[in-house]
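> Sequence:
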Amino acid sequence: MFKFISSLKDGFTYDLKSLQPVKSGIIVAHSSTQNAFGLKGFVKAFTHARYNDNVFGGWYHKGSFYFDSCKVFTDKEEAIKFGIENEQIAIFDLDNLQEIRL
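The sequence shown begins at 1 in full-length UniProt numbering and counts up by one.
Keep in mind that the hints were calculated from the coordinates and are not lab data. Please note: incorrect hints may appear among the correct ones.
Label-pair restraints from in silico Cβ distances [as the list claims (entries may be wrong)]:
#1 40 x 75: 25 to 35 Å
#2 78 x 17: 12 to 22 Å
#3 40 x 12: 17 to 27 Å
Cβ coordinates follow ideal geometry from the N, Cα and C atoms, glycine included.
Let the sequences and hints guide you as you build the complete structure.
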């Protein structure tokens, strides 16, 4: 599973309950899985996601694949507030395929 997910260079966000990609909403990472990369980061973020919001994501950046436990929002202001509280530099709006810098 780690090998397959690490091949998704354009990134991904999955709902662990439905085992389907998240296709809508604003995605915000939890700070507790910040800088989770490699197999150890995969396990850390996946475990956190499983016991919290059941949303697991990742993306490739400058030679490393990063993993996050995430939360999905429909309200932009709530997403921004959660992002700031979780010390994120950006969040991602899937509906508009747009990064929102914080």
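> Okay, which hints does this one fail, numbers in order?
none
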